[in-house]
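S.K.: Going line by line, the protein sequences match chains Y and S.
Mapped onto my numbering, the consecutive letters of the first sequence carry residue numbers 5 to 237.
Mapped onto my numbering, the consecutive letters of the second sequence carry residue numbers 15 to 243.
Note that these hints are calculated values from the structure, not bench results.
One thing to keep in mind: the hints can contain errors.
Here are the in silico distance ranges between beta carbons for each label pair [unchecked claim]:
| no. | chain 1 | residue 1 | chain 2 | residue 2 | range |
| --- | --- | --- | --- | --- | --- |
| 1 | S | Leu-177 | Y | Met-175 | 41 to 51 Å |
| 2 | S | Glu-40 | Y | Leu-33 | 56 to 66 Å |
| 3 | Y | Ser-181 | S | His-28 | 40 to 50 Å |
| 4 | S | Glu-40 | Y | Leu-142 | 46 to 56 Å |
| 5 | S | Pro-143 | Y | Leu-142 | 28 to 38 Å |
| 6 | S | Lys-137 | Y | Ser-22 | 48 to 58 Å |
| 7 | S | Glu-236 | Y | Met-175 | 52 to 62 Å |
| 8 | Y | Thr-21 | S | Asp-234 | 52 to 62 Å |
| 9 | Y | Arg-93 | S | Pro-124 | 20 to 30 Å |
| 10 | Y | Gly-217 | S | Asn-50 | 50 to 60 Å |
| 11 | S | Thr-68 | Y | Met-175 | 31 to 41 Å |
| 12 | S | His-203 | Y | Thr-21 | 52 to 62 Å |
| 13 | S | Gly-150 | Y | His-17 | 20 to 30 Å |
In this text, a Cβ means the ideal position worked out from N, Cα and C, and glycines have one as well.
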Amino acid sequence: MSALGVLLRKELHAAFTSPVAWAVSGVFLLVAGYTFSLSLFMSKVANLTYVFHQVYILLVLLVPVITMRSFAEERKAGTLELLLTAPVREIWVVLAKYLSCLALVAVMLLASTSYAAVLALYGEPDLAPIAGGYLALLLLASLLVGVGTLWSSVTENQVVAASASLGTFLMLWFADSVAYILPAPVDLFFVNLSLLGHFAPFVSGSVFLSDVGYYLTGTLLALFLTTRALADR
Amino acid sequence: MVELRKVTKRYGPHLAVRDVTLSVAEGEVLGLLGPNGSGKTTLLRMLTGAHTPTSGQLTVAGFDSVRQPLEARRRVGYVPESHPLYDHMRVRELLSFMAALRGVERRAIPGAVGEVAESLAVKDVLEVPIRHLSRGYRQRVAIAQALVHRPPVLVLDEPTNGLDPRQIIETRNLIRGLAGRCTVIMSSHILSEIARTVDRVAILLRGGLLTVRSMAETPDLEALFLSLA
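With the rest of the complex left out, here is chain Y (with noise of 0.2 Å):
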């Protein structure tokens, strides 16, 4: 086995065991759950457009208390320093945790797909926007997951990497905000930077390269900001 499939086979067994994981699927499934139900009793309509805006603010709140003990409990517990002293690359550590906490949501996701399923047995949902929306909070899980990632590797303290990748990603949602007072060209960058303004257009069928390449953009960077704060030293 590569040192990759080592790694992630520790990192996903820690992932999937942890309490952590059982209580955030818990809060993720339920109040997903309770809001595809109200949705649907209120409004008897087939989609899940108010459900994705809901698991878009409940991944911003959650993803933080997944990835904040990736690299922070192994630097305070002192086992980072038996990882970096093994013959593996920085990259292969970090893609290994990264990737593990990545499967956790994606699960969440998938026990999220239910609700599409009952669409679909009771009604006849348009399956683009649904199709849409499961893409972009795949995109959007892995943007968060990777600058989580990415603050966890920078302390030892995980409320510390909690606390500053919830108030980065809440900087992120809300970077469009401040367009309305900056002059021109300059307004468009913060425009650009917003995390919802390029999740919507998924939301409604609509899949946009410069979307994706935003997410996808966003996600490398953080793996390799991750990767450098690592062979640092």
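Following the hints, put chain S in place on chain Y, whose structure we already have.
M.R.: This is chain S only, laid out in the frame that chain Y set:
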């Protein structure tokens, strides 16, 4: 086996290690002695690849620690000072994980784990979760994880810290037992431990290497240390 040429390490403006030149022969047990803050741990961390030198050259078994870091790291086993281990794992799980991570072939892992468990007397606790181990067992498991891939170089940071007298004697015997088969580099600020365990001693002060002496030619290490420090 291990060569350092004018190795320097800076953390911002702080000079942690300066111009250290040192070579350690195959099978030799070398002790790094010095007060707290003398640069012992920094030097050990550079040997293990946990930190990289700011300048100078460090080679392990002929592999440059900066240009061939993975090859150099593959040849080193490291036991950090506080014996950090994955507490949620069982001993067998940890040893298997570390063996796989350090490149032991999948089929050879059970044998490697069994062998190192036997030689470090941790066979009885292979199925015990690490969080339930006593301090003595924990220390032996920490050494076992460093030796499971049979590295030619073993680095130990303050290996007897926090141990009771019996465990200190066991650790000393263990290190002496490795002499000849493995190059051992250990740090300590306890003069008597260094004097009883190592073949040669390197004395560090404020990041600089003051002297390297053979223990056979140093009957009174305490007097030597006081005269230098």
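S.K.: Should the hint that Lys-137(S) and Ser-22(Y) are 48 to 58 Å apart at their CB atoms be regarded as holding?
M.R.: violated (30 Å)
S.K.: Is the gap between the beta carbons of Thr-68(S) and Met-175(Y) within 31 to 41 Å?
M.R.: Between Thr-68(S) and Met-175(Y), where Cβ atoms are some 35 Å apart, the hint holds.
S.K.: Just tell me: holds or violated, for the beta carbon distance of His-203(S) and Thr-21(Y) against 52 to 62 Å?
M.R.: violated (40 Å)
S.K.: Given a hint of 56 to 66 Å, does the C-beta separation of Glu-40(S) and Leu-33(Y) actually sit inside it?
M.R.: Given range 56 to 66 Å: holds, Cβ gap about 59 Å.
S.K.: Does 40 to 50 Å hold as the CB distance between Ser-181(Y) and His-28(S), or does it fail?
M.R.: Distance hint for Ser-181(Y), His-28(S) holds at roughly 42 Å.
S.K.: Holds or violated: the 28 to 38 Å window for the beta-carbon distance between Pro-143(S) and Leu-142(Y)?
M.R.: The hinted range 28 to 38 Å holds for Pro-143(S) and Leu-142(Y), with Cβ atoms some 35 Å apart.
S.K.: Hint says 41 to 51 Å; check whether the CB-CB distance for Leu-177(S) and Met-175(Y) agrees.
M.R.: holds (49 Å)
S.K.: Given the range 52 to 62 Å, decide if the beta-carbon distance of Thr-21(Y) to Asp-234(S) lies inside it.
M.R.: Between Thr-21(Y) and Asp-234(S), where Cβ atoms are some 55 Å apart, the hint holds.
S.K.: State, for the Cβ atoms of Arg-93(Y) and Pro-124(S), whether the hinted interval 20 to 30 Å holds or is violated.
M.R.: Given a distance of about 27 Å, which is inside 20 to 30 Å, the answer is holds.
S.K.: Are Glu-40(S) and Leu-142(Y) spaced within 46 to 56 Å by their CB atoms?
M.R.: holds (53 Å)
S.K.: Is it true that the C-beta distance of Gly-150(S) to His-17(Y) lies inside 20 to 30 Å, as the hint says?
M.R.: holds (28 Å)
S.K.: Starting from the hint 50 to 60 Å, judge whether the C-beta atoms of Gly-217(Y) and Asn-50(S) obey it.
M.R.: holds (52 Å)
Of the hints listed earlier, those the structure fails to meet are numbers 6, 12, in rising order.
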